[in-house]
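Novice: Turn these sequences into a full structure, and let the hints guide you.
Protein chains in written order, with the working numbering: chain A, 5 to 410; chain B, 18 to 287.
One or more hints might be untrue.
As the list claims (entries may be wrong) - Label pairs and their computed distance ranges (CB to CB):
no.: 1; chain 1: A; residue 1: GLY16; chain 2: B; residue 2: ARG233; range: 39 to 47 Å
no.: 2; chain 1: A; residue 1: ILE158; chain 2: B; residue 2: LEU157; range: 20 to 28 Å
no.: 3; chain 1: B; residue 1: GLU262; chain 2: A; residue 2: ARG157; range: 26 to 34 Å
no.: 4; chain 1: B; residue 1: HIS245; chain 2: A; residue 2: ALA22; range: 54 to 62 Å
no.: 5; chain 1: A; residue 1: TRP200; chain 2: B; residue 2: LEU157; range: 48 to 56 Å
no.: 6; chain 1: A; residue 1: TRP200; chain 2: B; residue 2: GLY152; range: 41 to 49 Å
no.: 7; chain 1: B; residue 1: LEU157; chain 2: A; residue 2: ALA328; range: 40 to 48 Å
no.: 8; chain 1: A; residue 1: GLY16; chain 2: B; residue 2: GLU225; range: 43 to 51 Å
no.: 9; chain 1: B; residue 1: LEU157; chain 2: A; residue 2: VAL30; range: 29 to 37 Å
no.: 10; chain 1: A; residue 1: VAL19; chain 2: B; residue 2: GLY81; range: 32 to 40 Å
no.: 11; chain 1: A; residue 1: ASN188; chain 2: B; residue 2: THR52; range: 54 to 62 Å
Unchecked claim - Below, a sample of chain B positions facing chain A; criterion: calculated Cβ distance under 7 Å:
no.: 12; residue: CYS117
no.: 13; residue: ARG126
no.: 14; residue: LEU145
Unchecked claim - No farther apart than 30 Å at their CA atoms in a straight line, the calculated lysine-lysine pairs in the BS3-like style are these:
no.: 15; chain 1: B; residue 1: LYS94; chain 2: A; residue 2: LYS159
no.: 16; chain 1: A; residue 1: LYS233; chain 2: B; residue 2: LYS94
no.: 17; chain 1: A; residue 1: LYS365; chain 2: B; residue 2: LYS182
FYI, nobody ran anything at the bench for these hints, they're computed from the structure. Ideal placement from N, C-alpha and C gives every residue a C-beta, glycine not left out.
Read off the chains here:
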Amino acid sequence: MLRLFQLHGRRGWMVVGAASLLIAVVIPLLNLLPRSFPLALPDYLIPLLGKFLCFGMAAMAMDLVWGYTGILSLGHALFFSLGGYAMGMYLMRSIAGEGVYRSALPDFMVFLDWKQLPWYWLGFNHFGFAMAMVLVAPGLLAFVFGWFAFRSRIKGVYLSIVTQALTYAAMLFFFQNAAGFGGNNGLTDFKRLLGWSLQAPSTKLALYVITAVALIGTYLLCQFIVQSKLGRVLRAIRDAELKTRFCGYDSINYKVFIWTLSAMLCAVAGALYVPQVGIINPSEMQPSNSIELAIWVAVGGRGTLVGPLLGALLLNGGKSWLTAAFPSAWLYVLGSLFVVVTLFLPRGLVGLAPLMSRLRKRRGGSQAMTPPESDRQAEDPVAAAAPVADVVPVANAVAAKEGVAP
Amino acid sequence: MTAPATATSPIAGADDKAHVLAGRPPIALWVEELTVSFDGFKAIDNVTLMLDHGELRCIIGPNGAGKTTLMDVITGKTRPDKGAVYLESRLHDLTQLTECQIAQLGVGRKFQRPTVFPQHTVYENCELALQGKRGVFHSLFARLSRAERERIDQVLETIGLAELKDRPAGLLAHGHKQWLEIGMLLALDPKVLLIDEPVAGMTQPEMERTADLMRRLAGERTVVVVEHDMEFVRSIARKVTVLHEGRVLAEGPMGDIQRDPRVIEVYLGT
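Specialist: Written as structure tokens, this is what we have:
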């Protein structure tokens, strides 16, 4: 408990507190203001912001494995989607008998002329069971996959490709009607969550607040992990895995642990995402989604927790605005942003902060105020040492994606 | 660890070699009839080595003699075709264990090129190396005890990097990195220490300081040094093993080795 308070200094806690207050209290209050107030937040923005916060959570989870441990996953959309499907299955089951066909089965099963609920749908009418499955199903998959992949010493680009392949296979599986997850339509037409109508603005606001609280919790949990000795071992594995093993740490166990945890956090984000957007279908698992997740992290700044969060919020905000204003430009902006960040900002947007403060210092004082040589040395090589090579597969993937874009 | 393991040893066949062990000081590391080949090329060919507790042994030999491969096998990086490596008179056969298990048993290794964690501070490097539990969940809640902090300070003092403890290790000068790596091994406190070319690329004063560190390391621990620099070997070694084309060519005190005509022919003479 004590260590939780020591995560930040006093100033750090003030910033975290202010940010938490903004997303979890101020924004909901602005939404509750009467429409005539100038700062009143319209209702339609609330699920949108909630969606962004879910992406922020997923980005932080991604950074645990990529930024801190050096494992570039291109399959985190799979864990996100599995969490979403578990939530979606509960939402479908909770309205049994109220569908278009008035059947106890979900509509798509009636449509397929199924007479009976498949065994893997059993239990999902209980909220507690469904929430447990949000964690258990992706967690188990991640654990089994990680166990075999890391034990076989699959690393770097190869691991990225395997994760991508796994996600693609899962997507093809979920696309099938026979799989029993609604095929390409996925799960939709949700009505209520624990008796609360999903259409009501108050429910939407409540879901937003829950997401905000979950995001803050995820941030604190991740901060606790990366500042612990475990976090230092993870970074040691990222920088020199063999040396870490020669120091007596079984890097495989560490990787499996953080991989599984990251998958579970991603799944929670997916579960919160689904009731706010009202649908989950296999296209959530398409390759570009995992790649975008990696781009948010890279643009924001790998190896920090604030970076991925900022990256996810800014890029998704930008996407929402740009796809409305200039629909065809978005992919080009995203792609070029990624190239620019990779080439010139290996530490992402967060890496700009020390640069800015140095500039300010230089401008504020006289020429003599330039920082001593040792200071400057202390900052630059770390940036230079940041692993850039593992960004290349993403860059290629982005290029491929732009190529197929209409 | 006082008497050599004989009848009580859990390893089958321990009795066979009892006569070898009888009447000699306790063995720290025993490499037995080791053979390693890569695509038919025998990098190590039937090598047997015995190291006493607290011994400082130098292994020399021309390039390709199999020195680094020998280190790789002892630390679990490479699996041998034949033979065994025993720690502490046959209690553990290292060739059956993983790198991290071997490290946990107390075998430390210093690489040829200084390998430190570049983005961790000097202090954190020592903390990671510090002997202790290595489990995932233990690490999540671990905090340094007062004794552990004192141990790290002591190590930093020994290697002379106390002033630089908050600096990222990647920014250290080459020689400082070498010392930090040795410091990390001190923190790990291994029973057997393998050191690959510790003075490569060092200046004369740095080399003297390193020799001093080596001597300090031996005594409580068993130290194996692989080195090219004959001056350095002469300054630290009591006993030298010469490897040549994967075989032990000669073994003995440095003075004898230097006079051995076979050694002069393949190595020292050139």
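Novice: Each of the hints needs a verdict: does it hold here or not?
Specialist: Structure-based check of each hint:
{"no.": "1", "hint": "A:GLY16 - B:ARG233: 39 to 47 Å", "result": "holds (42 Å)"}
{"no.": "2", "hint": "A:ILE158 - B:LEU157: 20 to 28 Å", "result": "holds (25 Å)"}
{"no.": "3", "hint": "B:GLU262 - A:ARG157: 26 to 34 Å", "result": "holds (31 Å)"}
{"no.": "4", "hint": "B:HIS245 - A:ALA22: 54 to 62 Å", "result": "holds (59 Å)"}
{"no.": "5", "hint": "A:TRP200 - B:LEU157: 48 to 56 Å", "result": "violated (36 Å)"}
{"no.": "6", "hint": "A:TRP200 - B:GLY152: 41 to 49 Å", "result": "holds (43 Å)"}
{"no.": "7", "hint": "B:LEU157 - A:ALA328: 40 to 48 Å", "result": "holds (44 Å)"}
{"no.": "8", "hint": "A:GLY16 - B:GLU225: 43 to 51 Å", "result": "holds (46 Å)"}
{"no.": "9", "hint": "B:LEU157 - A:VAL30: 29 to 37 Å", "result": "holds (33 Å)"}
{"no.": "10", "hint": "A:VAL19 - B:GLY81: 32 to 40 Å", "result": "violated (58 Å)"}
{"no.": "11", "hint": "A:ASN188 - B:THR52: 54 to 62 Å", "result": "holds (59 Å)"}
{"no.": "12", "hint": "CYS117", "result": "holds (4 Å)"}
{"no.": "13", "hint": "ARG126", "result": "holds (5 Å)"}
{"no.": "14", "hint": "LEU145", "result": "holds (6 Å)"}
{"no.": "15", "hint": "B:LYS94 - A:LYS159", "result": "holds (17 Å)"}
{"no.": "16", "hint": "A:LYS233 - B:LYS94", "result": "holds (25 Å)"}
{"no.": "17", "hint": "A:LYS365 - B:LYS182", "result": "holds (26 Å)"}
When the structure is compared with the earlier hints, violations turn up for hints 5, 10 and for no others.
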